[in-house]
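Enquirer: Here is how the chains run, residue by residue.
There are 2 protein chains.
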Amino acid sequence: MTSESPKKAVILLSGGLDSYTTAAIAQSQGFDCYGLTIGYGQRHNIELDCANKVAARLDLQDHKTIKLDLRLFGGSALTDEIDVPDFEDHSEAEIPVTYVPARNTIMLSLALGWAEVLEAFDIFIGANAVDYSGYPDCRPAFIQAFESLSNLATKAGVEGSKFTIHTPLIDLTKAEIIQKGLDLGVDYSLTHSCYNPDKNGVACGHCDSCILRLKGFEQAGVSDPITYAA
Amino acid sequence: MTSESPKKAVILLSGGLDSYTTAAIAQSQGFDCYGLTIGYGQRHNIELDCANKVAARLDLQDHKTIKLDLRLFGGSALTDEIDVPDFEDHSEAEIPVTYVPARNTIMLSLALGWAEVLEAFDIFIGANAVDYSGYPDCRPAFIQAFESLSNLATKAGVEGSKFTIHTPLIDLTKAEIIQKGLDLGVDYSLTHSCYNPDKNGVACGHCDSCILRLKGFEQAGVSDPITYAA
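Taken in order, these protein sequences are the chains called A and B.
Under the numbering used here, think of the first position of the first sequence as 464, with each following residue one higher.
Under the numbering used here, think of the first position of the second sequence as 464, with each following residue one higher.
These aren't lab readings, by the way, just hints derived from the structure by calculation.
Computed from a prediction, not measured in an experiment: that's the story for all the values here.
Any given hint might turn out to be false.
Which bits of chain B does chain A cover? Going by a derived footprint, with three or more residues having C-beta under 8 Å, they are [unchecked claim]:
#, segment
1, 510 to 524
2, 598 to 611
3, 652 to 663
Simulated coverage check for chain A against chain B, where a stretch passes if three residues somewhere in it have a Cβ under 8 Å from a Cβ of chain B [as the list claims (entries may be wrong)]:
#, segment
4, 527 to 538
5, 559 to 570
Positions of the beta carbon are idealized from the N, C-alpha and C atoms, including for glycine.
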């Protein structure tokens, strides 16, 4: 990377804690960052407002939101009439009902499309394989397979460019992610994690995602700046 | 495949000649077919009407159209303010401006999402590596990589199911595709191939896609039932 022209990167930005931290890490590494938010009809649509706030705070080079309605397919508690369960200490072998079929494949594909147009050969995603919910498309083997695919799928790849899929959070605990973000000046009050917020966007405090977040803040020794339902 | 419960397949259906033929082949192989059409903001939006007609004629189990606007990214003559060129006998090493960055990756990802919900482990796409326009994401190596990815990306794959990406046209010439389709009763008057139709949907007759189609019909010894601009 020369100081004259920083490399461009596309960052998948959901409005959650992980993707904001990921974007802050990419910026700290000197990338010019382009944020991509995917509105897929998720139950927690407030994510999209948070993504806009995060993008503005990070002062990204550009931020786009692309909408596609995965409710057409259903099959997940996040996109269908399936209740979001309270946190359960399920084993890693069980994949919960909040899994959205092929979500990260779809999101990375869209990021790849924009990246190729931008001539950005670095894509960042906040996938995490530690304090995660057992999603298959957060595992390192999946990420590596997508990176290989990217170089076969694109004109840029055929012509010799090499895409890299960055997952800077993949081996971190939620507490480590939060600590890393705080060190980089991340303002977690802008973020949203709950799978099942109320009409006003207030987090439920008892779904998998809320519990993992709250435990992370507790272990990091700082308080979570967002509000939870009583 | 038992006679009691045919296997389900998701077919990517564009409204063009290749995908209709692909769907007819899947049906002839005994699959229960679910058509998926992707409206990505393509210049030749008339494709979507044709896809509806084709789906109705094939009497598919279900047909869904999912919309997402790749014009947000641009970078292709099909989605941006770039002129669609007339046919040129370019070498296979040159990838033309009608290439849409990551299009087949995006389409297959969406097909994978729906397939997983349906418990359909067979996905058909009309990719073709012979009379094609040099697109990287029509090559067998790309298709194989996507198939491997599918089994890493999904809950179904992790749990032991095996997705197969079928490309029954991949080694056929356009004339062979047309002959195959006619043998299966395909009605090519319902289809549309032109990259740059006029306002009424009439094919231009001189873009890459029109020229390949016309040559295919000529070599198959039958006349193309659609109308072309004078």
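Enquirer: If a hint holds in the structure, say so; if it does not, say that too.
Expert: Structure-based check of each hint:
| no. | hint | in the structure |
| --- | --- | --- |
| 1 | 510 to 524 | violated (count 0) |
| 2 | 598 to 611 | holds (count 8) |
| 3 | 652 to 663 | violated (count 0) |
| 4 | 527 to 538 | holds (count 10) |
| 5 | 559 to 570 | holds (count 8) |
Checked against the numbered hints above, the structure violates hints 1 and 3; every other hint is satisfied.
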